[in-house]
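2 protein chains.
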Amino acid sequence: MNRFQIIVEYDGSDFVGWQRQANGPSVQAALEQAVAGFCGEAVLVEGAGRTDAGVHALAQSAHLDLAKETSADTVMAAVNFHLKPAAVAVVAARQVPNSFHARFSAIRRAYLYRIVNRRAPLALEHGHAWFVPQPLDAAAMHEAAQGLVGQHDFTSFRASECQAKSPVKTLDRLTVTQVDRGPSGSVIEIRARARSFLYHQIRNFAGSLKLVGEGKWTARDLRKALEARDRAAAGPTAPAAGLYLTEVGYPEEAFVETES
Amino acid sequence: MNRFQIIVEYDGSDFVGWQRQANGPSVQAALEQAVAGFCGEAVLVEGAGRTDAGVHALAQSAHLDLAKETSADTVMAAVNFHLKPAAVAVVAARQVPNSFHARFSAIRRAYLYRIVNRRAPLALEHGHAWFVPQPLDAAAMHEAAQGLVGQHDFTSFRASECQAKSPVKTLDRLTVTQVDRGPSGSVIEIRARARSFLYHQIRNFAGSLKLVGEGKWTARDLRKALEARDRAAAGPTAPAAGLYLTEVGYPEEAFVETES
Chain L
1 MNRFQIIVEY
11 DGSDFVGWQR
21 QANGPSVQAA
31 LEQAVAGFCG
41 EAVLVEGAGR
51 TDAGVHALAQ
61 SAHLDLAKET
71 SADTVMAAVN
81 FHLKPAAVAV
91 VAARQVPNSF
101 HARFSAIRRA
111 YLYRIVNRRA
121 PLALEHGHAW
131 FVPQPLDAAA
141 MHEAAQGLVG
151 QHDFTSFRAS
161 ECQAKSPVKT
171 LDRLTVTQVD
181 RGPSGSVIEI
191 RARARSFLYH
201 QIRNFAGSLK
211 LVGEGKWTAR
221 DLRKALEARD
231 RAAAGPTAPA
241 AGLYLTEVGY
251 PEEAFVETES
Chain S
1 MNRFQIIVEY
11 DGSDFVGWQR
21 QANGPSVQAA
31 LEQAVAGFCG
41 EAVLVEGAGR
51 TDAGVHALAQ
61 SAHLDLAKET
71 SADTVMAAVN
81 FHLKPAAVAV
91 VAARQVPNSF
101 HARFSAIRRA
111 YLYRIVNRRA
121 PLALEHGHAW
131 FVPQPLDAAA
141 MHEAAQGLVG
151 QHDFTSFRAS
161 ECQAKSPVKT
171 LDRLTVTQVD
181 RGPSGSVIEI
191 RARARSFLYH
201 QIRNFAGSLK
211 LVGEGKWTAR
221 DLRKALEARD
231 RAAAGPTAPA
241 AGLYLTEVGY
251 PEEAFVETES
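From first to last, the protein sequence lines are chains L and S. Numbering (UniProt numbering) for the first sequence: 1 to 260. Numbering (UniProt numbering) for the second sequence: 1 to 260.
No lab work stands behind these hints: they were computed from the structure. Just so you know, these numbers come straight off a predicted model, no measurement behind them. Hints may contain errors.
Stated by the list, open to error - Capping the alpha-carbon separation at 30 Å, the derived lysine-lysine pairs in DSS-like fashion look like this: (1) L:Lys169 x L:Lys216; (2) L:Lys68 x L:Lys84; (3) L:Lys216 x S:Lys84; (4) S:Lys68 x S:Lys84; (5) S:Lys216 x L:Lys84; (6) S:Lys169 x S:Lys216.
Stated by the list, open to error - Listing some non-contacts, in silico: residues in chain S with all C-beta distances to chain L over 10 Å: (7) Gln19; (8) Asn23; (9) Gly54; (10) Ala59; (11) Leu66; (12) Lys165; (13) Pro167; (14) Thr170; (15) Thr175; (16) Asp180; (17) Gly207; (18) Arg220; (19) Ala240.
All C-beta atoms in this analysis are idealised placements derived from N, C-alpha and C, irrespective of residue type, glycine included.
Please work from the sequences and hints to get the whole structure.
As structure tokens, this is what we get:
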């Protein structure tokens, strides 16, 4: 078997999510069909993160096994050829040891949540950001966000459907920055990094941080929501359209062939 | 009559262009219908630039006259309400003197042409950039572009359908910059500024600058194409999807009520 890691970009708007489902097109199935189109093999494409319907990826990571001997460049070009015109593209590929696992070898995930903050609805970025017309204070959001960094029980920001064994996670980084774009309005970028996240964790962060940005909540209120360990104590879940999986990180060793 | 200037953002992908046409939906008609929906008046929305099918705008400028006495804020909110879910939004509005004309008062237009330069096709930016897989040298493109700045006969970069009286225009600025985005590939941004442009001028610049970026043309070749004053001497027309109208500029006086 030849294992390949692929880095995948996709527009989640028209997919039911990453994972194969009976009720509509998934990114995973689109990739599996493209691989079958290229080499006739029925493969499983295993992703590092199961993004929801409407969630995008700049750099999802996945792996797949081929019986065929081929180069990573060929895998990338051929899968892209067969993906057309799907809103999915393989932006990089490399051959990896059979011990590499896109999901289980990963030690870091990074996400971006984009808010467009202006009075006018979105024309060019519809489906690619959360439209928030109320003026938001990004500096206050950033300051409050620091109260979530570190190891905590994140039950307050965890969807009820979450299948993780424990609600305790270590959030490495949570930043909020603002980019001014003149008449196009400002973009508020929330960036989060951790080994792994709970289901809906970042969208729930975004929903609560918006309350801080509007001045409805203080940093103390956000901290109290965390400490309540109760989903009802935190803000609403922000829309999927604003969320992007931006990076999946691995230790160097994950790419090294081990003696066996 | 009450005249209003509106700044308009749109995604040109599903429009036949700015201008009202029999063969499909236009941005102009979408705006005129929204104004009618808001106040029942059949108005003409006059734009500063007639963008083609597939061309986008961050800040098109237009004006319209209403019999109704109302505020610019109301115009913006009401037109946006009636535009939904069109891929058009009014991002700013102001009341202007009746002497203001979106097209004839304008003294500056600025455009952005976006190229995504990477091997993988576009998943997230399909329809919003020109996908060029051949590696491009942005610094060489920028250097060559400087040979086009200034007053010239731009016949070589003018579409045969162009209705301008003269092919002589003064190009104030033409820059080429590159933004590296890691696995998402680099974006090459061509920015052009002039009082006005010929039909397809920027798309024709982009098509020729790509030849320079690929190393097929030198700066001297580009300059020779300009001097040939022959459309056949220059490169092909780049796709509409990469082009964005980013600014229309006016002199201060255009916004000042004159005694009459």
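Results of checking the hints against the structure:
1. L:Lys169 x L:Lys216: holds (27 Å)
2. L:Lys68 x L:Lys84: holds (22 Å)
3. L:Lys216 x S:Lys84: Holds, at about 29 Å.
4. S:Lys68 x S:Lys84: Given that 30 Å is the threshold and the Cα spacing comes to 22 Å, the pair holds.
5. S:Lys216 x L:Lys84: holds (29 Å)
6. S:Lys169 x S:Lys216: Holds: Lys169 (chain S) and Lys216 (chain S) sit about 27 Å apart, inside 30 Å.
7. Gln19: At about 18 Å from chain L, Gln19 (chain S) clears the 10 Å cut-off, so the statement holds.
8. Asn23: holds (22 Å)
9. Gly54: holds (13 Å)
10. Ala59: Not fine: 5 Å to the nearest Cβ puts Ala59 (chain S) too close to chain L.
11. Leu66: The claim stands: Leu66 (chain S) keeps its Cβ more than 10 Å from every Cβ of chain L (closest is about 19 Å).
12. Lys165: holds (31 Å)
13. Pro167: Holds, because the least Cβ-Cβ distance between Pro167 (chain S) and chain L comes to about 31 Å, which exceeds 10 Å.
14. Thr170: holds (24 Å)
15. Thr175: holds (18 Å)
16. Asp180: holds (13 Å)
17. Gly207: holds (23 Å)
18. Arg220: holds (35 Å)
19. Ala240: At about 14 Å from chain L, Ala240 (chain S) clears the 10 Å cut-off, so the statement holds.
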